[in-house]
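Enquirer: Guided by the hints, dock chains W and C onto chain Z, whose structure is given.
If you want the building blocks of each chain, they are given just below.
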Amino acid sequence: MLPTPVKYTMVAAGAEGPTRLNAFDAALLASGIGNLNLLRVSSILPPGAEIVDKLEIPAGSLTPTAYGSITSETPGEYISAAVAVGLSHDTFGVIMEFSGRCRENEARERVSFMAEQALIMRGMPIKQILVRSTEHQVKQIGCAFAAVALWY
Amino acid sequence: MLPTPVKYTMVAAGAEGPTRLNAFDAALLASGIGNLNLLRVSSILPPGAEIVDKLEIPAGSLTPTAYGSITSETPGEYISAAVAVGLSHDTFGVIMEFSGRCRENEARERVSFMAEQALIMRGMPIKQILVRSTEHQVKQIGCAFAAVALWY
Amino acid sequence: MLPTPVKYTMVAAGAEGPTRLNAFDAALLASGIGNLNLLRVSSILPPGAEIVDKLEIPAGSLTPTAYGSITSETPGEYISAAVAVGLSHDTFGVIMEFSGRCRENEARERVSFMAEQALIMRGMPIKQILVRSTEHQVKQIGCAFAAVALWY
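Protein chains in written order, with the numbering used here: chain Z, -12 to 139; chain W, -12 to 139; chain C, -12 to 139.
Isolated chain Z, as found in the complex (with noise of 0.2 Å):
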């Protein structure tokens, strides 16, 4: 089997390029992942794994990464994007990502409750729910992205 991620860390930035997906790009660079290859995933928190500020991995490594993000076009526009880490007792977690048209708070309005969802959902009691978020204005071409981005 793959190997079961055992860290994480939550990131979000916002950036602008100029193409689509070079924004999106610079927004991976300006959140600390942008040298890896994402792999996305949907959306568990493996058992036992711990966050931490800051993952030291290797350039162009495999990167199992649950994210949101949107890009637009439309000079002046807010854009936001955020990820949150449901956590219950001595169990796996569950992740949700959110990305939209709307101001920072919103996103983290509307993600916290996503997870708090999944966890209902599944009958685990939150013990605790971890935002990150990022909101971008956008110039010409811009990106926000939030991601948990799993690892090793």
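Since the hints were derived computationally from the structure, they do not count as laboratory data. None of the values given here were measured: they were computed from a predicted structure. Don't be surprised by glycine CBs; every beta carbon is placed ideally from N, CA and C. It is possible that part of the hints are untrue.
Unchecked claim - Restraint-style ranges between C-beta atoms, simulated for each label pair: (1) G110/W x Q115/Z: 52 to 60 Å; (2) Q124/W x P112/C: 53 to 61 Å; (3) E3/Z x Q127/W: 31 to 39 Å; (4) P34/C x Q115/Z: 36 to 44 Å; (5) G63/C x I38/Z: 47 to 55 Å.
Expert: Chains W and C only, in chain Z's frame:
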């Protein structure tokens, strides 16, 4: 290299949730693979892979999965998702997925056709087509989900 | 951790199919990586990775791949897909992908520009930009696909 899966299971379910992502999460749970980290793949059944009724996979595991899903916020609407495995003789198989705003029968017919065509395109004799499907009538926010999960 | 790829190949092809997903599948087959389980990644060339003309990968293998694709059901329309690898000196590289309703030349120019910008954004000198591209004129349902497949 990454280890190649040797087992698979076919699942499908529909569910409601308070947001689109929660509905998707609920459909995963209802289908029995809700506490995993799905890694989406396109879409070959490895040679010799054996079908099992239920995979015993630890929570949070990175689980290669081919899937189709559709979410709707139109009350009363029927949505369906289906997966098909196309088997030939003594070799790898093909996996196709379908989702749409239709009844289950149509989803089954279309995904079967797709798997047949994928085998024909490869010049592989058709030994068997396995299909798993679901339909869901939306109450508020619903999701139909069908998957082939690969495992070890 | 998941093993980091050490080789890569660049491929591109267009094809027709009886459904959108079959057209995508046909384009993968035409490009030479149709019998694999593609794991989509974003998008860094690991340090020291070597280019090869053709990867010998067993059917069904989990294959980390950066790709762009576009499917069209408009007969006569030109669609194109392209990937670029941006190489710097003695370190990792960047991978960019593009697809659109345009001719191949435009796709090549755009993806080259994106790879250059991705290097510039990182403050990395541009040593070489490699591009692989395809265009396809749609008959009924067509797909253009370009990829950088990573392997071991």
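Enquirer: Between P34/C and Q115/Z, does the beta-carbon spacing fit 36 to 44 Å?
Expert: Check passed, 38 Å falls within 36 to 44 Å.
Enquirer: If you check the beta carbons of E3/Z and Q127/W, does the distance land in 31 to 39 Å?
Expert: 37 Å, holds
Enquirer: Regarding G63/C and I38/Z, is the given constraint of 47 to 55 Å on their beta-carbon distance met?
Expert: At 54 Å between Cβs, range holds.
Enquirer: Evaluate the given range 52 to 60 Å for the C-beta pair formed by G110/W and Q115/Z.
Expert: Distance hint for G110/W, Q115/Z holds at roughly 55 Å.
Enquirer: The hint says 53 to 61 Å between Q124/W and P112/C; measuring C-beta to C-beta, is that right?
Expert: 59 Å, holds
Violated hints for the displayed structure: none, as all numbered hints are satisfied.
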